[in-house]
Amino acid sequence: MANFPPSDGSTEPHEPRDESDRPATGVEQSDLELVRRVQKGERGAFDLLVLRYQHKVVKLVARLLRDPAEAEDVAQEAFVKAYRALGSFRGDSAFYTWLYRIAVNTARNTMASRQRRPLDYEADLSESEQSVVESRMRHGDTPEAVALSDEIHRTVNGAIEALPEDLRTAIVLREVEGLSYEEIAEAMDCPVGTVRSRIFRAREAIDRSLKPLLD
Amino acid sequence: MTDQIREQMSALLDGELPRDQVGLLVRRMSRDAELKRTFGNYVLAGESLRAPGGVMASPGFAARVSAAIDEGEVAGSAVPTVPARSPARWRRPLAATAVAASAALAAVLLVRPDGGEPQLFAERSGAPESPLVVTLPVGGSSPTPGQNQRLAGYLVVHGQYATPISRRAVWSNALATDPGVARVTYENAEAP
Amino acid sequence: MRRGLAAAALALAALAAPQAHAGAQTAGEWLQRMSDSLATLNYDGLFTHTAGQQSETMRIVHRVDGGRSMERLVSLDGSGREIVRTAEEVHFYMPDRRVVLVEPRTDDGSLLRALPAPGPKLDELYTLEVRKGSKLLGRDVKVLDIRPRDAYRYGYRLWLDEETAMPLRSEVVNGEGKAVEAMHFTRLEVRDRITPRELEPAVDATGYQWVRAGKRGEPRAANAYWRPRKVPPGFRLVATRLQIVPGVPVPVQHLIFSDGFASVSVFIEPGTAKGPAPPESTSVGSSNAFSTQVRGHVVTAIGEVPAATVRDLATSVAPVEEMAAPAKPSTEPTDR
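If you read the sequences in order, they're chains A, B and C.
Residues in the first sequence are numbered consecutively from 1, following the numbering used here.
Residues in the second sequence are numbered consecutively from 1001, following the numbering used here.
Residues in the third sequence are numbered consecutively from 2001, following the numbering used here.
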């Protein structure tokens, strides 16, 4: 969570609310910018936030629910709740942290109302992706959904394998290692503009290969 | 030109688009389903790289969220709408509650701050106002304090006289979205 | 979080009378310490509030200035509703309804009235016990058990941070020992200062409907004063007011009952012309409400006590003239 400097001239230190002391990343800033736009009435900005976090939220909710077939319904409810509550989001935390909380609570309430027993106070779930967990979750999907998901992954992987090395490196450093453009520029010893262009072209190639699949 | 917009989308996804370019891009994207779809594919690429073979949102998900939000705004109800394909056993029933609740709230009191006689500025709809009597099954949907303004007013007033811990509980209940209000109506009137 | 609480503990030690709080041992002393901390410390925290089968994340910011307690309580999930209690008023923001309820602050603002008073009277109604608990949020805690001696009230279980006596977790417990409501902090910062800005609501209320309770004008002579004929054991009438409640068309009589720890409000408003409504019991977490019609008035009792207690209180009030009549031999069954 971000550290607000005191605005009234007081000199008390406030505890950083993040585990790490890293300043907000580019994505967090970008999210905040989108949130501000939604708060000012630009509905379209919220659509982008949904697009960005849809998979993460669905994944998270699927992990929490015993019945992953309802994960999308619950995830949808979480996003709608977030939209309605956006007026009260003040940027004290990253947007995704706030959204994560809403998703966890929505999932918990779902389970509680279905199972009719008191809730446990669970510790916050770790976000580590465990492939064992993932494959178990897929039992709940329909065969068609599983087949499509497999094919999407195969297509994306195929497209990435086929990329020239500099494009592949750039997108992997960005998406898997989470480096900023500047950090990637340093790692690849090229200008930031080149990094931006390489990542874009990698995505374009993947988009081209996904189009026939998802149309 | 289109390439330039798509490259901006790619940068936006990474949080690397200059702030002054965000506004125009967002507006463009909200008018263009194709751009949104492409953005969605860029997101998908990242997800797939990080967790091949994992659970993810199906292709129409974002559009369904958008539709649900739009629907909610039109109805003016605080209750999230149910996607058509869900059996929705566990959800709260919708239309009847929302209509009844908004009818109950149609009469809103405005008290003049100068302390003059309270007047009722009512926009009464057809349904009669009976804020405390509810005929919904216990455990199903029930008006929340937000929908029952009288109860909300009582909770706020009462909270002022509670101990700090109780006040926090009372007001937390008033603030909760769906505080699970359980109501029982006695069939036989109990004369005191 | 650790450093925040440690700094606060130092501040608290400097402020508090060392003799009163050094080495608090008894349950009663812990209760007093907790009450003092809640009323005098500046803090900002996130807690999960669970009632029935719902849980919600809330944020509370508490600020003390000039002996007055002010706070902001906001729901972080879904509703976005918040309550802000300033020095003068209480504002209840409902963004999903685009309504703000405004109520003048009616406690005199002094902290003392906000504190429950442990003492011999409380001992008659509750047993208090304190023991060591397992760590919460990495802090050492004492568990304070407040158990009612009868079925007219709820019990409480409080997990108190040993250094500051802040309740890191609290439960309201019914007669079967089951928690009917719970709150636990997931993050708590006790600070030397909270700025006024941090109590400002996040909601932008322009265009909202402001429903005010209006000024407290001179109390009007009511046609009838209402009093309870029979009060559940341990409760007594502590205050009566003529109150304008936001959302209610006419001034209502407001009777406040307390057993020293739990409080119950009884509101009496003139009934509508639509005819008697059946009595009704409502439960919102640990708050129970009972409403019924008495002599053409709608009587509503609401409090953090079991349903039977609010029902008893609601059904026991009557206009004073009736009570002045010579009492007939009472044949009322006292069923519980």
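Take these hints with a grain of salt, some might be off.
Unchecked claim - Below, a list of computed lysine to aspartate or glutamate pairs in the EDC-like style, where the Cα atoms sit at most 16 Å apart:
hint: 1; chain 1: C; residue 1: 2142; chain 2: C; residue 2: 2124
hint: 2; chain 1: A; residue 1: 211; chain 2: A; residue 2: 166
hint: 3; chain 1: A; residue 1: 40; chain 2: C; residue 2: 2204
hint: 4; chain 1: A; residue 1: 211; chain 2: B; residue 2: 1034
hint: 5; chain 1: C; residue 1: 2132; chain 2: C; residue 2: 2088
hint: 6; chain 1: C; residue 1: 2132; chain 2: C; residue 2: 2145
Said to hold, decoys possible - On the chain A side, residues computed to face chain B include the following (Cβ under 8 Å):
hint: 7; residue: 25
hint: 8; residue: 64
hint: 9; residue: 96
hint: 10; residue: 163
hint: 11; residue: 207
hint: 12; residue: 212
hint: 13; residue: 214
No lab work stands behind these hints: they were computed from the structure.
Positions of the beta carbon are idealized from the N, C-alpha and C atoms, including for glycine.
For each hint, the structure was consulted:
1. C:2142 / C:2124: Not satisfied, since the Cα-Cα distance of roughly 23 Å exceeds 16 Å.
2. A:211 / A:166: violated (23 Å)
3. A:40 / C:2204: holds (10 Å)
4. A:211 / B:1034: Holds: residue 211 of chain A and residue 1034 of chain B sit about 11 Å apart, inside 16 Å.
5. C:2132 / C:2088: violated (40 Å)
6. C:2132 / C:2145: holds (11 Å)
7. 25: Holds - the Cβ of residue 25 of chain A comes within 8 Å of chain B, reaching about 6 Å at its closest.
8. 64: violated (12 Å)
9. 96: Hint violated; residue 96 of chain A Cβ to chain B Cβ min 12 Å, cut 8 Å.
10. 163: Not OK, violated: residue 163 of chain A not within 8 Å of chain B, min 11 Å.
11. 207: holds (4 Å)
12. 212: violated (12 Å)
13. 214: holds (5 Å)
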